[in-house]
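Colleague: Okay, here's what each chain looks like letter by letter:
Number of protein chains: 2
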Amino acid sequence: MKKLTPGIFFKKLVKILRGRPQIPPSLQDNQLLQTILKRRSIRSFTGQEIPEDAWSAILEAGRMAPSTVNLQTWSFIIFTQEQWRQTFDLPLPFGGKRAIIVLGDISRVKESIDIFPQSPLVEYTVAVLNASLAAMNMNIAAEALGISSVMLSETGKSGFFTARHLQEVLNLPPGVFPLMTIVFGYSKQPFAPLPPRLPMDQICASGKYPQADRKVLEDWLLEMKTAFKAARPLWSFDGQLRKYRDDIERAERELRSLVFREESGS
Amino acid sequence: MKKLTPGIFFKKLVKILRGRPQIPPSLQDNQLLQTILKRRSIRSFTGQEIPEDAWSAILEAGRMAPSTVNLQTWSFIIFTQEQWRQTFDLPLPFGGKRAIIVLGDISRVKESIDIFPQSPLVEYTVAVLNASLAAMNMNIAAEALGISSVMLSETGKSGFFTARHLQEVLNLPPGVFPLMTIVFGYSKQPFAPLPPRLPMDQICASGKYPQADRKVLEDWLLEMKTAFKAARPLWSFDGQLRKYRDDIERAERELRSLVFREESGS
Numbered sequence: 001m002k003k004l005t006p007g008i009f010f011k012k013l014v015k016i017l018r019g020r021p022q023i024p025p026s027l028q029d030n031q032l033l034q035t036i037l038k039r040r041s042i043r044s045f046t047g048q049e050i051p052e053d054a055w056s057a058i059l060e061a062g063r064m065a066p067s068t069v070n071l072q073t074w075s076f077i078i079f080t081q082e083q084w085r086q087t088f089d090l091p092l093p094f095g096g097k098r099a100i101i102v103l104g105d106i107s108r109v110k111e112s113i114d115i116f117p118q119s120p121l122v123e124y125t126v127a128v129l130n131a132s133l134a135a136m137n138m139n140i141a142a143e144a145l146g147i148s149s150v151m152l153s154e155t156g157k158s159g160f161f162t163a164r165h166l167q168e169v170l171n172l173p174p175g176v177f178p179l180m181t182i183v184f185g186y187s188k189q190p191f192a193p194l195p196p197r198l199p200m201d202q203i204c205a206s207g208k209y210p211q212a213d214r215k216v217l218e219d220w221l222l223e224m225k226t227a228f229k230a231a232r233p234l235w236s237f238d239g240q241l242r243k244y245r246d247d248i249e250r251a252e253r254e255l256r257s258l259v260f261r262e263e264s265g266s
Numbered sequence: 267m268k269k270l271t272p273g274i275f276f277k278k279l280v281k282i283l284r285g286r287p288q289i290p291p292s293l294q295d296n297q298l299l300q301t302i303l304k305r306r307s308i309r310s311f312t313g314q315e316i317p318e319d320a321w322s323a324i325l326e327a328g329r330m331a332p333s334t335v336n337l338q339t340w341s342f343i344i345f346t347q348e349q350w351r352q353t354f355d356l357p358l359p360f361g362g363k364r365a366i367i368v369l370g371d372i373s374r375v376k377e378s379i380d381i382f383p384q385s386p387l388v389e390y391t392v393a394v395l396n397a398s399l400a401a402m403n404m405n406i407a408a409e410a411l412g413i414s415s416v417m418l419s420e421t422g423k424s425g426f427f428t429a430r431h432l433q434e435v436l437n438l439p440p441g442v443f444p445l446m447t448i449v450f451g452y453s454k455q456p457f458a459p460l461p462p463r464l465p466m467d468q469i470c471a472s473g474k475y476p477q478a479d480r481k482v483l484e485d486w487l488l489e490m491k492t493a494f495k496a497a498r499p500l501w502s503f504d505g506q507l508r509k510y511r512d513d514i515e516r517a518e519r520e521l522r523s524l525v526f527r528e529e530s531g532s
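As given, the protein sequences belong to chains A and B, one line each in that order.
Those letters in the first sequence? Residues 1 to 266, per the working numbering, in order.
Those letters in the second sequence? Residues 267 to 532, per the working numbering, in order.
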């Protein structure tokens with residue numbers, strides 16, 4: 001693994017700051033496409049309130065998302081700043097104005113159609129897959145309305161990394177899996193650089209699995225370290241990875257108990 | 267459970283045919299919002315080819331999707347009609363012109379950052395969640411270009427229901443999980459009714475989990491049966507459910523072996 005020397009750091013930083021989506025010149029005029037491709041995760045919001053009509057349209061985009069056999073395996077818990085503080089005793093992250101906790105939810109299906117065998121992993125997959133489709137649809141609908149957002153799936157205590165905590169605080173029934181919190185507001189960031197994306201030929205191939213190139217992966221990891229260092233000069237990337245290790249072990253235990261209903265002591 | 271009498275069937279059919287997304291009157295002029303909310307899964311395509319610039323823009327929307335810690339846990343295998351036939355010995359479903367098999371993919375992350383403990387369920391969740399975000403982004407990007415699509419996650423042999431089959435045919439390495447096939451083309455359907463959606467108050471609540479109403483769920487299931495009967499008058503909904511039961515048992519075994527690497531004989 002190459003070391004992140006000051007020279008490499010600077011070179012990679014320039015590359016990151018120049019990162020842009022590839023939009024075919026013939027399609028530059030397509031506003032919808034521009035909105036979709038230029039979307040960024042925003043982590044700093046102004047004090048401007050989200051109008052009620054925009055808020056309902058965002059939620060409607062969740063309800064209108066496609067799903068496996070139209071099973072709509074999702075639920076949304078919505079929060080104002082006040083409700084978030086009352087529930088979690090913390091401010092809404094990044095000064096966001098509203099938030100949605102997106103839940104994968106198989107409980108309604110199990111209640112209405114009770115002929116299915118126990119199939120916890122299939123149920124979990126259906127729940128996670130479709131709730132994620134709904135989440136992306138809400139995120140893009142917000143963009144269409146000039147409203148920014150960020151999906152928190154491992155940050156703080158608001159995603160699947162802390163599913164058990166959320167299950168307890170929100171009193172969720174079995175078959176309901178916290179996935180992420182989407183925080184919404186109007187962006188206060190003058191420029192949001194594109195986090196380093198893998199080149200298209202590393203993630204996409206024609207008719208066969210795209211075999212990744214180890215050198216390109218190393219390069220990408222250096223860019224990830226650079227982005228991390230640039231945003232948090234005093235933090236250690238490797239230290240952060242070590243912290244993740246403990247979090248992941250806990251998350252694994254908790255997810256298994258949620259998905260397979262392996263309660264301790266039962 | 268109420269029976270689907272001819273009277274109920276007709277009443278529910280009218281309701282389904284009248285189903286529309288709720289778009290606030292003040293936002294009717296927003297084209298992108300209209301595109302997102304009026305999107306339908308399309309299952310019949312014309313012979314018109316998808317232009318190359320549009321196709322690259324759709325893939326770029328996948329590459330630009332947000333992901334947990336920017337890990338980009340997805341891969342896309344793309345197909346023309348000919349490539350699909352060569353690979354699966356079958357025509358591309360519904361006369362679609364192009365297809366993408368969307369894979370949840372943790373293999374690159376495991377290769378570049380090797381300090382993580384074994385955490386198969388966390389890895390699977392990261393893979394499924396983020397690959398689904400990319401899938402939705404590609405679907406909406408296509409819509410923005412006037413191109414329709416359908417996501418097949420359980421139909422045919424093209425999604426997570428037959429992940430093991432796809433792993434074998436496509437020779438996928440460990441840590442790669444087939445999720446769905448998205449089939450793209452220009453719509454041949456003059457009208458695509460909205461599959462019966464649950465009312466907003468059943469899936470969304472303010473500050474707390476939305477408790478579903480058993481009567482509303484029963485009503486929704488009658489609508490699901492009606493939609494099924496209207497599309498396939500000679501088939502039995504309950505018979506189809508029984509068929510699913512076997513498929514689900516097989517899918518559960520196969521997914522467990524893929525996710526937890528429980529190979530038979532090892």
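None of these hints come from the bench; they were simulated from the model.
C-beta: ideal position from N, C-alpha, C; glycine also.
Hints may contain errors.
[Claimed, not checked] Derived Cβ-Cβ restraints for the label pairs, each shown as a range:
1. B/GLY361 / A/LYS243: 16 to 22 Å
2. A/LEU234 / B/PRO439: 34 to 40 Å
3. A/ALA231 / B/GLN455: 27 to 33 Å
4. A/ARG18 / B/LYS281: 50 to 56 Å
5. B/ARG351 / A/ARG253: 51 to 57 Å
6. A/ALA231 / B/SER322: 54 to 60 Å
7. A/ARG261 / B/SER322: 23 to 29 Å
8. B/GLY313 / A/LYS243: 52 to 58 Å
9. A/LYS243 / B/PRO456: 54 to 60 Å
10. A/SER206 / B/LYS269: 33 to 39 Å
11. B/TRP501 / A/PRO117: 30 to 36 Å
12. A/LYS15 / B/LYS281: 52 to 58 Å
[To be verified] Anything over 12 Å on all C-beta distances counts as not near chain B; from chain A, calculated:
13. ILE58
14. LEU90
15. PRO93
16. PHE161
17. SER187
18. GLN189
Colleague: Please go over all the hints and tell whether each is borne out by the structure.
Modeller: We went through each hint and held it up to the structure:
| no. | hint | verdict |
| --- | --- | --- |
| 1 | B/GLY361 / A/LYS243: 16 to 22 Å | violated, 51 Å |
| 2 | A/LEU234 / B/PRO439: 34 to 40 Å | holds, 38 Å |
| 3 | A/ALA231 / B/GLN455: 27 to 33 Å | violated, 47 Å |
| 4 | A/ARG18 / B/LYS281: 50 to 56 Å | holds, 53 Å |
| 5 | B/ARG351 / A/ARG253: 51 to 57 Å | violated, 45 Å |
| 6 | A/ALA231 / B/SER322: 54 to 60 Å | violated, 30 Å |
| 7 | A/ARG261 / B/SER322: 23 to 29 Å | violated, 45 Å |
| 8 | B/GLY313 / A/LYS243: 52 to 58 Å | holds, 55 Å |
| 9 | A/LYS243 / B/PRO456: 54 to 60 Å | holds, 56 Å |
| 10 | A/SER206 / B/LYS269: 33 to 39 Å | violated, 50 Å |
| 11 | B/TRP501 / A/PRO117: 30 to 36 Å | violated, 22 Å |
| 12 | A/LYS15 / B/LYS281: 52 to 58 Å | holds, 54 Å |
| 13 | ILE58 | violated, 9 Å |
| 14 | LEU90 | holds, 14 Å |
| 15 | PRO93 | holds, 15 Å |
| 16 | PHE161 | violated, 8 Å |
| 17 | SER187 | holds, 14 Å |
| 18 | GLN189 | holds, 15 Å |
Figure legend: structure checked against the earlier numbered hints; hints not met, in rising order: 1, 3, 5, 6, 7, 10, 11, 13, 16.
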